[in-house]
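Protein chains: 2
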Amino acid sequence: MNIKIIRSVKELVEYRDTLKGKVGLVPTMGALHLGHMSLVDQAVKDNDYVIVSTFVNPTQFGAGEDFDSYPRTEKEDVALLEEHHATAVFIPKASDMYPEGYNSWVEVFDVTQKLEGACRPTHFKGVTTVVNKLFNLTRADNAYFGQKDAQQVAVIKKMVRDLNIHVNIVVMPIVREDSGLARSSRNTYLSADEKKAALILSKTIKLAESEWAKGEKDADVLKAKMIKNLETEPLASVDYVAINHWDDLEEIKTIEAPTLVSMAVRIGATRLIDNTILK
Amino acid sequence: MNIKIIRSVKELVEYRDTLKGKVGLVPTMGALHLGHMSLVDQAVKDNDYVIVSTFVNPTQFGAGEDFDSYPRTEKEDVALLEEHHATAVFIPKASDMYPEGYNSWVEVFDVTQKLEGACRPTHFKGVTTVVNKLFNLTRADNAYFGQKDAQQVAVIKKMVRDLNIHVNIVVMPIVREDSGLARSSRNTYLSADEKKAALILSKTIKLAESEWAKGEKDADVLKAKMIKNLETEPLASVDYVAINHWDDLEEIKTIEAPTLVSMAVRIGATRLIDNTILK
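So the protein sequences, as listed, match chains A and B. Just so we're aligned: the first sequence equals residues 1 to 279 in our numbering. Just so we're aligned: the second sequence equals residues 1 to 279 in our numbering.
In short, the hints are calculated from the structure, not lab data. One thing to keep in mind: the hints can contain errors.
Copies of the same chain are indistinguishable here, so a pair counts whether it falls within one copy or spans any two.
With a straight-line Cα cutoff of 30 Å, these simulated BS3-like cross-link-like pairs (lysine-lysine) come out [claimed, not checked]:
id: 1; residue 1: Lys125; residue 2: Lys217
id: 2; residue 1: Lys4; residue 2: Lys223
id: 3; residue 1: Lys148; residue 2: Lys114
id: 4; residue 1: Lys217; residue 2: Lys10
id: 5; residue 1: Lys75; residue 2: Lys114
id: 6; residue 1: Lys206; residue 2: Lys93
id: 7; residue 1: Lys10; residue 2: Lys45
id: 8; residue 1: Lys157; residue 2: Lys196
id: 9; residue 1: Lys228; residue 2: Lys217
Excised from the complex, chain A in its bound form (with noise of 0.2 Å):
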């Protein structure tokens, strides 16, 4: 096997070390799947090393999410690595990531607050400091982020930007299945009728980009078609439907480009989320 395994925060330390040209940082959960791998692509053309972290980190599920059933797929993702020619892994235990008495944390408000912020109140301030982290690790010239995760990149970016960090943020756009279903780990959780039901979310998605291309400037008016189209599915149960300001997030009530549309919707009791640039 050619691609590093690293197991431990020591370890990685040690490693990194050893590395001198561009460091590129893919952060992920594991779970891997093509949207992570169009990630890694990007990561290896751009730099000499390509360290790609599968961490289910338990600092950014609030109680009662889906923290210990979150696919854990270890072989599968290794495999998948190698033959994508990532450099290393990182697979470390919580207990090192947290280690007992860990208490510094790092938080980004206002982009933080709305949208999966509304919904998973704790959730970011796990993913900024876990990403600080990473980054502290890895000193990477480059980390990768998907679009999909639309307000996990505009709180990355603020962080970056706030904190002065010494790292470029490549942003990949979202891969989705034939179907048009975006591509997450958590899809595994849906029974087939379910995955057929999902395509409402980008059907939406969809809708909103016709309607916008046709001239649908109105935010509120646009919001109200898209969960007049998410209602017609049985099965779906809507978190959010929003219309902001890309990249500060702000409410808007005309829409200008760049601008994100983006949702949560639960499935079943699988919570889904999508999303697209209006630009």
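We have chain A already, so just place chain B on it with the hints.
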């Protein structure tokens, strides 16, 4: 002039990219004295480049504290740093460090909430955030702090450990005037009478050391002796005298080395701190 004066974040980022070799960071708020210079001298010994920041950081001052009156002595600072062979001095504007819409914060809990943190509840949030920014901007190999701010040392070390920051923290001993008074930028606030009165701090630190040397192990007894001694000085008013485990700052009943003995005392309107480590 040989020292490079850097007045903006952008300039520091560009400058840092030109450096190849070990970088030392000495974060200060200016108004430099021989205490700071002991940090600079050590940094010059240890590194190829020494960047000294002299930024009076507004976010570490509470309401009603001395942000406005804090001494600003830029010309003298730069001359002193040049004399001591620092490579660069970073003197940013507050609006450059905290631009409009700034809203990212690094916080360490527990260790920040006692001693100075109990008296100054927002202080360490400002310290940890600005030090994090300076670490990111300078990507320093070594960073230098004075033992005079003992709790700050404990907080920064905790932050570096928790967030996996790639920097070595070097702590230098308290530098005192011949009288025993710990050197501090705030000593300039003292009148001649107050300066004499302020000697009660270092005298009480010496008392603690000699009681410990004589075998006193009971923290409450030692604290009572110290407070009694401080109260012999009519101009002194005690904020706290504390005895804590070094370096997690847990309060202790029985002194077992290494133990931090620390105090904050007001002499007239000026709040001074002093400490020693019993070992």
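Handout entry: Hints breached by this structure
Key = Violated hints (numbers, rising): 1, 2, 4, 5, 6 and 8; every other hint is consistent with the structure.
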